[in-house]
Structure formats: structure tokens, C-alpha cells
Amino acid sequence: MDKVISIDNFKEHLKDGLSIMVGGFMAVGTPEQLIDAIVESNVKNLTIICNDAGFIDKGVGKLIANNQVKKLIASHIGLNPKAGELMGSGELEIELVPQGTQIERIRCGGNGLGGFYTPTGIGTMVEEGKEIKTLNGIDYLLELPLHADFALLYGSTVDKHGNTMYTKTLRNFNPVMATAADKVFVQAREYVNEIDPDIIHTPHIFIDHIIKEVK
Amino acid sequence: MDKVISIDNFKEHLKDGLSIMVGGFMAVGTPEQLIDAIVESNVKNLTIICNDAGFIDKGVGKLIANNQVKKLIASHIGLNPKAGELMGSGELEIELVPQGTQIERIRCGGNGLGGFYTPTGIGTMVEEGKEIKTLNGIDYLLELPLHADFALLYGSTVDKHGNTMYTKTLRNFNPVMATAADKVFVQAREYVNEIDPDIIHTPHIFIDHIIKEVK
Amino acid sequence: MDKNEIKAYIAKRVSLELHDGDVVNLGIGLPTMVANYIPTDMTIHLQSENGLIGLGQAPGENEVDPDITNAGGQPVTIVEGGVYFDSSTSFGIIRGGHVDVTVLGALQVDAKGSLASWIIPGKMVPGMGGAMDLVVGSKKVIIAMTHTNKGKPKIFEDCSLPLTAKSQVDMIITEMAVMVVKEDGLYLTEINKEFSLEEVINATAAKLNTSLLKEAK
Amino acid sequence: MDKNEIKAYIAKRVSLELHDGDVVNLGIGLPTMVANYIPTDMTIHLQSENGLIGLGQAPGENEVDPDITNAGGQPVTIVEGGVYFDSSTSFGIIRGGHVDVTVLGALQVDAKGSLASWIIPGKMVPGMGGAMDLVVGSKKVIIAMTHTNKGKPKIFEDCSLPLTAKSQVDMIITEMAVMVVKEDGLYLTEINKEFSLEEVINATAAKLNTSLLKEAK
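Protein chains in written order, with numbering that gives the first Met the number 0: chain L, 0 to 214; chain W, 0 to 214; chain Y, 0 to 216; chain D, 0 to 216.
Simulated from the structure, these hints should not be mistaken for lab results. Cβ coordinates follow ideal geometry from the N, Cα and C atoms, glycine included. Be aware that a few hints might be false.
Stretches of chain W that chain Y covers, calculated by requiring three or more beta carbons in the stretch to come under 8 Å of a beta carbon on chain Y [to be verified]:
| hint | region |
| --- | --- |
| 1 | 140 to 154 |
| 2 | 171 to 178 |
Here are the in silico distance ranges between beta carbons for each label pair [as the list claims (entries may be wrong)]:
| hint | chain 1 | residue 1 | chain 2 | residue 2 | range |
| --- | --- | --- | --- | --- | --- |
| 3 | D | 156 | L | 195 | 52 to 60 Å |
| 4 | D | 78 | W | 31 | 27 to 35 Å |
| 5 | L | 134 | Y | 166 | 27 to 35 Å |
| 6 | D | 42 | W | 11 | 20 to 28 Å |
| 7 | D | 42 | L | 94 | 34 to 42 Å |
| 8 | L | 7 | D | 4 | 21 to 29 Å |
| 9 | W | 11 | L | 134 | 31 to 39 Å |
| 10 | D | 20 | W | 31 | 47 to 55 Å |
Residues from chain L that face chain W, not an exhaustive set, calculated with beta carbons under 7 Å [claimed, not checked]:
| hint | residue |
| --- | --- |
| 11 | 54 |
| 12 | 56 |
| 13 | 114 |
| 14 | 115 |
| 15 | 136 |
| 16 | 156 |
Between the sequences and the hints, there should be enough to build the whole structure, so can you do that?
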């Protein structure tokens with residue numbers, strides 16, 4: 000089972016209305032060539048789950064600038080003025096989630112858990128509409144899992160089985176998103192035969208398709 | 000700040016009534032020399048949190064055989080007949096926890112979460128006394144965090160900063176336990192200057208003391 | 000069939016339920032033998048809940064590496080492309096629905112797909128280990144076991160022993176028959192030619208619907 | 000003091016609150032400058048919430064590695080002994096109480112130790128990023144900011160902007176003064192010699208208890 004597909008084949012998977020998790024933190028560790036392919040495909044009404052809104056010309060910001068995004072679930076949008084503008088005009092729905100809660104909700108979705116209690120957000124707007132429970136004398140918010148149709152990852156080294164590593168600070172949301180989507184695509188900077196089984200960040204079973212980066 | 004201490008210094012930390020997490024799975028990945036030191040110290044009334052009861056002559060089983068354990072929180076005791084015997088006679092309290100719930104409760108304790116909902120255990124004895132909540136149409140049990148005074152780990156490679164790797168299947172409960180105890184001790188098979196920052200399993204900030212293994 | 004033939008028969012029949020690319024967890028004991036019957040042209044990713052995917056063949060006497068073990072603590076090997084991880088990741092894989100098939104034994108199974116495997120109160124309390132998570136989280140749960148215990152049934156309308164999980168079993172494979180669990184009970188789908196339908200029914204303490212019965216594979 | 004002198008003054012004063020071996024998270028902007036004042040004989044482990052511990056000095060022009068960035072996406076370096084991890088581990092470290100000190104800015108802080116820093120409704124909505132987790136999870140929270148905004152107070156009895164967290168701030172350090180948050184309100188502990196007590200009180204919209212006031216460090 001060869002997991003390697005072309006960027007054109009990746010485009011064939013795309014359609015309107017998909018929910019897509021995109022790895023990266025301020026567009027560091029984001030698979031830019033997959034994002035570019037989505038821009039070219041021009042599919043619409045996407046729900047994007049990402050740490051942030053990227054920049055106008057970088058990361059998921061390119062999808063926002065191209066009006067392909069219906070809803071963004073992220074923790075920070077400050078570096079992409081277009082996101083704030085579209086939110087203000089009602090063209091883009093944005094759900095702001097604390098970063099630690101965001102990554103934990105994704106892990107929750109990938110790990111088969113129904114929800115978790117976090118102290119983050121207590122006493123703030125984040126608690127609106129959520130159950131508050133006191134456990135061991137501390138107030139916690141109930142937060143629920145996130146799951147998506149696709150996850151798009153950026154791997155610095157990917158082996159032919161799909162085992163993936165993310166070097167340095169490229170890692171961020173990538174390995175957790177790998178667990179929480181129906182189909183997982185990784186843009187591979189380097190494609191190798193095998194990785195030492197002790198140091199793999201994402202086991203191959205999570206990776207459905209590998210797209211080799213065009214240098 | 001040199002984190003290396005002697006096995007005698009480790010013994011000075013021990014006292015009656017401690018709660019101690021011990022890494023390992025059927026005693027694979029368990030710091031046997033630290034266990035031996037506890038046996039020699041003969042401290043009593045310990046609460047041990049471990050995947051299993053080990054064997055009579057291996058892993059935490061040695062502490063049970065030496066009557067040092069008041070309570071064991073584990074998922075499996077079948078390979079240590081002494082554990083079953085002491086449970087039957089009322090000399091050892093055993094809380095049996097599904098393995099996935101056990102590791103998640105420890106992670107929960109180390110990660111500052113108040114609890115989580117898992118589908119594991121629904122409709123079984125495990126649900127007794129626990130809150131059941133239906134989320135998105137599925138029944139879940141509320142499970143609560145575990146935390147301990149000490150965690151005892153077995154590292155195959157530990158650097159001078161405390162960064163730790165666990166090779167092959169030695170890893171198991173070790174890295175998660177590193178996050179969930181007040182003081183963390185690691186028995187180091189190999190002690191090195193530095194580990195590549197991309198492949199560290201436990202960041203140094205979690206490790207308080209390193210005990211070099213006596214070969 | 001003697002004991003070994005029975006085990007081999009069951010393990011071989013279970014192997015026919017696996018598909019190329021499946022992630023599979025095989026329980027300790029009989030289920031482990033299923034690995035011996037996987038066709039060589041098929042890639043099955045064997046998971047071990049203590050922390051690896053890619054279980055290989057049993058090591059030769061001189062190949063034993065005490066750092067590579069299965070969930071029973073026994074030495075094993077890892078295939079090319081295999082990967083090690085911690086128990087948190089391992090049970091994330093299991094509970095998160097990333098295991099396609101779990102094969103395990105049981106003390107009792109019932110017509111509702113519930114199973115009992117971890118405790119005989121007052122007699123034997125090994126603990127549930129990872130079994131509760133495995134049967135709840137895996138996409139398909141196959142019970143592989145002898146049909147009876149010293150002639151007494153192990154398949155009931157309702158389990159009498161404390162459950163490992165409620166309504167999670169999809170299929171029961173024994174030396175006598177293959178049964179599928181549906182909403183309205185157990186369906187007998189195959190009978191080993193060495194046994195008659197009457198023998199299977201007599202050895203089973205649950206009603207068996209025979210409307211889906213076909214030739215054994 | 001000009002703007003840069005003010006920032007330097009605040010950053011230097013914050014650095015005196017750190018202890019050898021501390022794990023510290025410095026927010027974007029002014030708090031980042033605290034790193035410049037850590038004594039060379041002290042080991043401080045700087046955490047960056049995107050996924051590393053061991054932030055080093057800013058890279059020289061020819062040393063920039065675009066794969067090593069901080070939470071603002073800016074190129075940084077890593078020290079010997081540093082370590083990379085994913086965001087789940089990063090926020091496990093933060094929420095789990097493994098960060099000793101968090102230093103961040105704020106739009107408003109109040110006498111109850113609450114802060115507002117992530118939204119001005121109808122005007123500016125950058126989002127909370129990791130700030131909510133950091134202030135809830137860290138053992139000690141220090142607000143490092145200018146005492147006023149264009150002459151208007153930023154320290155109140157109660158924040159009027161939506162909160163980042165309730166009652167989590169331990170200390171406020173500005174170019175005018177150092178304040179400690181206690182159960183019963185704000186205690187002024189130090190005044191910059193360039194300012195009088197009256198000036199500090201006039202620039203603050205919360206009651207300041209002066210019973211713990213001592214010479215500035």
C-alpha cells in the first residue's frame with residue numbers, strides 16, 4: 000500500500016463544506032503546498048481548526064483571504080487583519096478557544112474521550128454556555144472533543160510507512176491533529192525508507208496519504 | 000544543579016506512608032534498583048500506583064511480598080499470586096482500574112485537568128459510585144486524576160540535564176508518571192552529556208533526581 | 000480434535016476476518032496464535048497495548064531482546080516500519096477507534112454481545128488489564144475461545160459473571176461454530192463440519208438464529 | 000524615562016523575581032526583554048508555549064533557523080539541554096503547574112488579581128492565545144506593563160474589559176511601582192525613586208495598601 004499521492008490527487012479529495020484541521024503555529028509547521036492546493040481548488044464553506052488565523056499570505060490565512068472559510072476555530076487571530084475584518088462583517092464565524100483547551104479538545108477527539116474538565120476560562124467569557132463543576136474544591140469547565148474530516152500536517156521526515164517526525168518547533172499541533180480526523184494528509188519535506196522506531200512522533204497508522212514537497 | 004544522587008541518598012528520601020508511582024509494564028521498564036532500595040529501607044504503608052502487581056521477585060511485586068504496601072492501584076495482578084493472597088486476607092487494598100483509564104488518570108493529574116469522561120467501564124463494576132454522563136449520545140464515566148508523592152522511572156538514556164529516553168517497550172507508563180508526582184527519580188541505564196532535543200521523551204524539567212544504575 | 004488442534008482451528012478461522020492494512024490487537028493466549036495464519040501477502044499491523052505497533056515473529060533463542068516485550072511481558076520482535084510509544088498514546092489509539100479488530104478470549108459471552116473475562120468473584124481476580132478499553136474502543140471485537148469449558152456452556156442469554164463490557168462483541172469464533180451478534184441476538188453463520196447443528200445448539204446456552212447459516216469457510 | 004528606558008526598567012525589575020532553576024514563560028513584547036537581565040550565573044529555563052524549553056539568545060542575522068520559533072512565530076535559538084515537544088505536552092506543562100513564573104502584559108489588572116488582555120469588544124479581538132492557560136496554570140503570575148496608557152490608569156478595583164482570568168495575578172510591576180495582590184487587595188511594596196507616592200496613587204484607579212512599602216530594589 001503506497002501512501003504517496005500527487006498534489007493533483009490530493010485536490011481530488013477536496014470538496015465544499017469540509018472540516019479541516021491544519022497543523023502549525025503562526026504558520027510554522029503548516030503544510031503550505033497543501034494550503035496552496037486548496038486555494039487553487041477554490042472549494043468553499045470550509046471549517047478550519049487551527050491554532051491561529053495565520054497571516055494574510057501565509058498558513059490558513061490564505062484560505063481566509065480567498066473567502067473559502069465559513070468558520071474558524073482558533074485561539075489567536077491577531078496577526079491576520081483580514082480575519083478580524085471578515086469576523087466584523089459577519090462573513091466569517093470565529094470560535095475563539097484558549098490554546099491549551101484547543102489542543103486538549105483535539106486530543107480528546109482523537110482519543111475516544113467524551114470531554115474533560117479544565118480550570119482554564121473559569122470566570123471569563125469562555126465559560127458561557129458550559130457546565131461548571133467543582134472537583135476537589137476547584138472549579139472546572141467541561142470542554143468537548145473536536146474531530147474533523149481531514150487533518151493536514153507538515154512532516155519534516157516521513158518514511159514510506161507513514162511514520163512521521165516534526166523537527167524543532169514545527170511539531171506543535173501536528174501530532175495531535177493526526178489522531179483526530181477521518182483522513183490524514185502529510186506534506187513531507189524529506190521522504191525516507193525508515194525511521195528509528197524509538198523516535199517517531201506520529202505512528203504510521205495515523206497517516207493516510209503522503210504528498211512529497213516540491214522543492 | 001547536579002541532579003545525580005547516590006542510591007543511599009535516594010533512601011534518605013523514603014518514609015512510611017508515601018504514595019509512589021512506579022513505571023513499567025509487567026516489570027519491563029521498572030527501576031529495579033530503586034525498588035530494591037525501598038525493600039532495604041523497609042518503609043511501610045506505601046500506596047503504589049503501577050500498571051500491575053509485577054511478579055513476586057520482580058518489579059513492585061517485591062514490595063508487596065515484603066508487606067510494605069498498604070494500597071495498590073493497578074489494572075492487573077494476575078502474575079503475582081501474593082497480591083491476590085494479601086487482597087483476600089484483607090492485608091492489601093487493591094483498586095483495579097482499566098489500563099487506559101489508569102494511564103489517563105495519571106496524565107490528568109500531571110496536566111492540571113479536573114477529570115475526564117471515558118466510555119471504558121460503562122455497564123461494569125467499574126462504574127460503581129461514579130457519575131455517568133451522556134455526551135453526543137454516548138454514555139461516559141467521569142474518572143478523576145491521580146497524583147503521587149514520588150514517581151520512580153527507568154530511563155535507558157538520561158542526560159546531565161535530566162532529559163530522558165526510554166528505549167523500545169520500556170517506555171510504557173514512565174513518561175506520563177514523570178508529570179504527575181511531587182518528586183521524580185529516574186534510574187539511568189546510560190548517563191550522557193546531551194540528547195538531541197527532537198527525540199527526548201521526558202523533558203528535563205520533570206526530573207528531580209538521577210540515580211545511575213549499578214551494572 | 001485435541002486441545003492444540005482446537006486452538007489452531009479457531010486461530011485459523013479468526014485470521015479469515017482480517018483485511019489488508021488492518022490494525023489488530025491479539026489478546027494473550029489463543030488469540031496470539033492468529034498471527035501464525037496471516038497470509039504472507041497481507042499486511043496486518045499488530046498492536047501491543049504496552050506500547051508498540053508492528054509485532055513480529057517470536058524471537059529465536061539467540062534473538063531475545065528483553066527490552067522488546069508484549070503486553071504479557073514476554074519477549075517479542077518488531078517488524079520493519081514498526082513504532083514504539085507510551086501507554087497514553089497506546090490507549091489513545093485503542094479508545095480512539097484506531098484499532099480495526101480486537102481478538103480476545105472470554106469466560107462468558109452473551110446474546111447481547113456482552114462479555115466477562117476479568118474476574119470470578121471469590122476465586123480469581125487477575126484484573127481487567129487493557130481488555131475493557133480494547134473491547135470498547137476497537138471497531139470490531141472477535142471472541143476467540145473454546146465453545147465450552149469442560150462440557151459446560153460459555154455462551155449465555157446473559158452473562159452471570161461481572162462484565163468486561165456491555166454489548167461490544169461483534170463475533171464469536173469457537174471450534175464448533177461462528178456466531179455473529181446482532182441487535183436481536185446471536186446468529187449462527189457457520190458450523191465446523193465435524194459437528195452437527197444439534198451438537199452446537201446443545202453446547203450453547205443462548206438461542207441461536209440459524210437464518211444466516213452457510214457452509215463453513 | 001523614554002519608552003525604551005521604561006521597558007528596560009520594568010524588565011530588569013521583573014528579572015529580580017526569578018530564582019535559579021525556575022521554569023519561566025515570558026509573553027510577547029516587553030516580557031521577552033526580561034531574558035536580557037537574567038544573571039549569567041543563574042539557570043532559568045525559558046518555556047515557549049508553541050513547544051520548547053530552553054529559549055536562547057536572539058539569533059544573529061546569519062544564524063536564523065526558520066524551524067526554531069517562539070510563540071509569536073519569530074526566529075529564536077535553543078540552549079544546550081533544551082527540548083522540543085508538541086502543544087499537548089506544552090500545555091500539560093503549563094496547566095499542570097510545572098511553570099514557576101509567567102510574565103505577561105495586560106490591558107487592565109484589578110485589585111482582585113484579575114486581568115484583561117485579549118479583547119476590546121468592537122475594537123480589537125486578537126484572541127486569548129495561550130494566556131488563559133498560562134495565568135491559570137503557572138505558580139506565580141507577574142504582570143509587566145506600563146503603569147498607565149496615555150496617562151489613563153490600567154490598574155482598577157475591577158476590570159471593565161472581559162477577563163483573561165479571575166484572581167490569578169500575584170504581582171504587578173510597572174515603571175512606577177511594584178504591587179502585590181493579596182486576599183484583601185493591592186499592596187504597594189516598592190516605588191521607583193523617580194516618582195512620589197502621590198504620583199503612583201494618582202496613576203492608579205485601585206486602592207493601594209502602603210503598609211508593606213519598602214525601598215525599591
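Going through the hints against the structure:
1. 140 to 154: This one is violated; 0 residues, fewer than the three required, reach chain Y with a Cβ under 8 Å.
2. 171 to 178: holds (count 5)
3. 156(D) - 195(L): 52 to 60 Å: holds, 58 Å
4. 78(D) - 31(W): 27 to 35 Å: Hint holds: Cβ distance 34 Å, inside 27 to 35 Å.
5. 134(L) - 166(Y): 27 to 35 Å: Holds, since residue 134(L) and residue 166(Y) (Cβ atoms, about 30 Å apart) stay within the stated range.
6. 42(D) - 11(W): 20 to 28 Å: holds, 25 Å
7. 42(D) - 94(L): 34 to 42 Å: holds, 40 Å
8. 7(L) - 4(D): 21 to 29 Å: violated, 57 Å
9. 11(W) - 134(L): 31 to 39 Å: holds, 35 Å
10. 20(D) - 31(W): 47 to 55 Å: For residue 20(D) and residue 31(W) the Cβ distance comes to about 30 Å; the hint is violated.
11. 54: With a minimum Cβ separation of about 26 Å from chain W (threshold 7 Å), the hint on residue 54(L) is violated.
12. 56: It is violated, given that the least Cβ distance between residue 56(L) and chain W is near 29 Å, above 7 Å.
13. 114: holds, 5 Å
14. 115: holds, 4 Å
15. 136: violated, 10 Å
16. 156: The hint is violated - residue 156(L) has no Cβ within 7 Å of chain W, the shortest such distance being about 10 Å.
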